[in-house]
Amino acid sequence: MAEICLGLIFVGLTMYAVLGGADFGAGLWDLTAGGAHGGGRIRGLVQRSMSPVWEANHVWLIFVLVIAWTAFPVVFGAIFTTFLVPLFLVALGIIFRGTAFALRGQAGTIAEARVLGAVFASSSLFLPFFLGTVLGGIAAGEVDAAHPETTLAAWTGPTSIAAGILGVLTCAYIAAVFLAGDARRAEQPDLEAAFRTRSVAIGVLTGAASIAALLVLRSDARDLFDGLTSGAGLAAVVVSVLAGALTLFLLWTWRFTPARWTAAVAVAAVVVGWWLASRPDVLPGYTLDEAAAPDATLTALVVSVGLGLLILVPSLWYLYRLVLRGTLDQSYEPLDQRFRPIDEDRA
Amino acid sequence: MLALSVLAAVTEQVTGALGDTPAPDAIEARRMQATSFIAHIPIVCFGIAFPAMILFVHGLYLRTGESHYKALAKRWSKVALTLFAVGVVTGTILSFEFGLLWPDFMATFGEVFGLAFGLEGVSFFLEAIFIAIYVYGWDRLPRRTHFLTGIPVVLAGFAGSFCVIAVNGWMNHPRGFSIADGRVVDPKPWSALLNSNMWHELIHMYVAGYIVTGFIVAGVYATGWLRGKRSAYHRTGLVVALSFAALAAPVQIIIGDWAGRTVAENQPVKLASMEGLAQTTKGAPFTFLGWFDKDTGEVEYGIEIPKMLSVLAFHDPNATVQGIDTVPADDRPPTNLVRFAFQTMVGIGTLLALLGVVFVFTLWRKRRLPRSVWFYRVLVVSGPLALVALIAGWVTTEVGRQPWIVYEVMRVKDAVTSSDGLELGFIALAAVYLLLAAAVVWLLRRLAAQSPEQEVVPH
Chain A
1085 MAEICLGLIF
1095 VGLTMYAVLG
1105 GADFGAGLWD
1115 LTAGGAHGGG
1125 RIRGLVQRSM
1135 SPVWEANHVW
1145 LIFVLVIAWT
1155 AFPVVFGAIF
1165 TTFLVPLFLV
1175 ALGIIFRGTA
1185 FALRGQAGTI
1195 AEARVLGAVF
1205 ASSSLFLPFF
1215 LGTVLGGIAA
1225 GEVDAAHPET
1235 TLAAWTGPTS
1245 IAAGILGVLT
1255 CAYIAAVFLA
1265 GDARRAEQPD
1275 LEAAFRTRSV
1285 AIGVLTGAAS
1295 IAALLVLRSD
1305 ARDLFDGLTS
1315 GAGLAAVVVS
1325 VLAGALTLFL
1335 LWTWRFTPAR
1345 WTAAVAVAAV
1355 VVGWWLASRP
1365 DVLPGYTLDE
1375 AAAPDATLTA
1385 LVVSVGLGLL
1395 ILVPSLWYLY
1405 RLVLRGTLDQ
1415 SYEPLDQRFR
1425 PIDEDRA
Chain B
326 MLALSVLAAV
336 TEQVTGALGD
346 TPAPDAIEAR
356 RMQATSFIAH
366 IPIVCFGIAF
376 PAMILFVHGL
386 YLRTGESHYK
396 ALAKRWSKVA
406 LTLFAVGVVT
416 GTILSFEFGL
426 LWPDFMATFG
436 EVFGLAFGLE
446 GVSFFLEAIF
456 IAIYVYGWDR
466 LPRRTHFLTG
476 IPVVLAGFAG
486 SFCVIAVNGW
496 MNHPRGFSIA
506 DGRVVDPKPW
516 SALLNSNMWH
526 ELIHMYVAGY
536 IVTGFIVAGV
546 YATGWLRGKR
556 SAYHRTGLVV
566 ALSFAALAAP
576 VQIIIGDWAG
586 RTVAENQPVK
596 LASMEGLAQT
606 TKGAPFTFLG
616 WFDKDTGEVE
626 YGIEIPKMLS
636 VLAFHDPNAT
646 VQGIDTVPAD
656 DRPPTNLVRF
666 AFQTMVGIGT
676 LLALLGVVFV
686 FTLWRKRRLP
696 RSVWFYRVLV
706 VSGPLALVAL
716 IAGWVTTEVG
726 RQPWIVYEVM
736 RVKDAVTSSD
746 GLELGFIALA
756 AVYLLLAAAV
766 VWLLRRLAAQ
776 SPEQEVVPH
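Going line by line, the protein sequences match chains A and B.
The opening residue of the first sequence carries number 1085 in our numbering; numbering runs sequentially from there.
The opening residue of the second sequence carries number 326 in our numbering; numbering runs sequentially from there.
Watch out, some of these pointers could steer you wrong.
Okay, the calculated bits of chain A under chain B, using three or more residues with CB under 8 angstroms as the criterion [as the list claims (entries may be wrong)]:
#1 1169 to 1180
#2 1382 to 1388
Using 25 angstroms as the maximum straight-line C-alpha spacing, the simulated SDA-like pairs for lysine to any residue come out as follows [stated by the list, open to error]:
#3 619(B) to 351(B)
#4 513(B) to 1388(A)
#5 399(B) to 1388(A)
Because the hints were derived from the structure by calculation, they are not lab data.
Every residue gets a Cβ at the ideal spot worked out from N, C-alpha and C, and that includes glycine.
Work the whole structure out from these sequences, hints included.
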């Protein structure tokens, strides 16, 4: 039962890394799109792609939290004590990103859209970074479940920083792949090309950064490194590398729809690999059975969430099917174009 | 009977699973949590009630084909989506704060009450999925399918309230676990979830959601009404929202009575604080207004109605009502705050119920809307007032539970984080919430400034 609950947490983390990550990454491309008029085309695409799905994608994070605090309450309490500072910053980032994004859809002038866009996009950068530092700190064994303490060192070690950077890059990568496909659906060939180039470049960069991160793990989190370089952990790493390479090939040959899936697999395999490599511990040196809530709780949780998933999975499938078929798409317009008549009136 | 309940107050308490740690910033932690709740709870009301109102207007459109119904339903659905976005982020903050501020509460009791949140996660998911499909589905999905996609949003509004309030009910009336050597053992998550305190809290909050949303929305259209906006679109907005609120407000008085009697039974000290009853009294009076003096144990300058409290709490004029003095001074909540909050809620609730009755009566007997300009002026302030009553109600139940986080089992100071420096976090968070509130108001005004016709033009 404890294993199933941990599995659910990792399913949630994987979904959040892929789907939530794509939304963070879209924010990053929004950030780097350029000036108000030059970047308007990319921003319009980001706005259109994220609007119907970002809230549902965000709920995966809540899903992870509620299962964590029910099934592994002591670990949850210890993690939130240890990483109080970065998690508080993540919480603030969540407010800024979500609100600014929702408000930008209603902005009335280009100036408003620029301010809101800047808030949305910059929080999309630091949010995955800080989340990454927390995950890195957990992987590096910085959490003492018996006597947790809030420290700075817990999330500023080499593994944390590496995980933070890798988190940001991964988000940018998955977003670029998704947006290339979305651009094709919006019939914007120039944006297709732009995101194809971006996704290939950032894909290579993310691959290189992953290798560098492995070297960091080797010196800073040896157990995890060993787990990732042997047995099931190694298999996951290999899957990730192959899926990543296949994605590059598919992007190179303009096949964005299958690339969407292989890119997702490449990212998912990293998260799953972490799980496989750290088994049977929940925190380094703290085993699943020590950490898990009593069986009555785990059974109740698995049964109820399991039944919930029976409704949830078809619902999610319905949402993404509508999105990918373009049923929910609004007509595409560059973000700055909405305001041109107003600007011209003023001029 | 009395001896028994005193005994009950000294049942075994627990130490936190994370050990006995210092609690340097318990007050700041409470402030942060309270601020976050106050930011989130108005959104919750809209999550509960607004989808039903939208579907009602949407249903009118499907039946009549009148375009102003469609314009209104579509406009409201955009507002609902925006508020949902804000609710997503403020709700996420709450779940982060559970861990950041109360790690020992989560570590000790997560296994007991967590199930409710597991279910709430599923419900929240469905809400997020279907609100997106519904709002972006206008003019894109088949008419019938589109209407049906709104229904899960309404159901999730109820299911979400059920789950979260189950936890609050449990904190006030903890069940479903045993204590051995100061440790929580043998959790029974289902019996914790379905605790006896939950039902009245749930129904009270659910109906409050309709009252708050109804009066706030009606207040917006009443403002327009006073400025001469009387089109079919505005009229529908006013009548639908106000009808929901007007029907809910009087019902809330009956539910409030039920809630009061349950509190009298489960948490007598909270009831005594709500009423400022220092000593256990047979045939206790109800005191209206005034100020509770801790030293004399009397309510000064209050208006006393003999035996009324016994009637309200037990439906028996000679019933014995337990006083604050049945627990040691350390275990008492701040009487005046609880009492003031409670009376604020009851006062405003009564006023809103009257307002509702006037509206329903005029509509039913005279087949028209009230004509008095004062009715509309009161309506404009009724929304903010309803919000004040809602928050006052939550202050009553939450501050009334103090000093416990889990009633009579775990103290707030044993649950709070051992970290220092929460002042900074509190200031930052408060500033962010102010910014957020300003931004939301700004956005809704911008939406309201757009003409309704643009919702129905083909694009």
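Hint check:
no. : hint              : result
1   : 1169 to 1180      : holds (count 8)
2   : 1382 to 1388      : holds (count 3)
3   : 619(B) to 351(B)  : 23 angstroms, holds
4   : 513(B) to 1388(A) : 14 angstroms, holds
5   : 399(B) to 1388(A) : 34 angstroms, violated
Comparing the model with each numbered hint stated earlier shows that hint 5 is the single one that does not hold.
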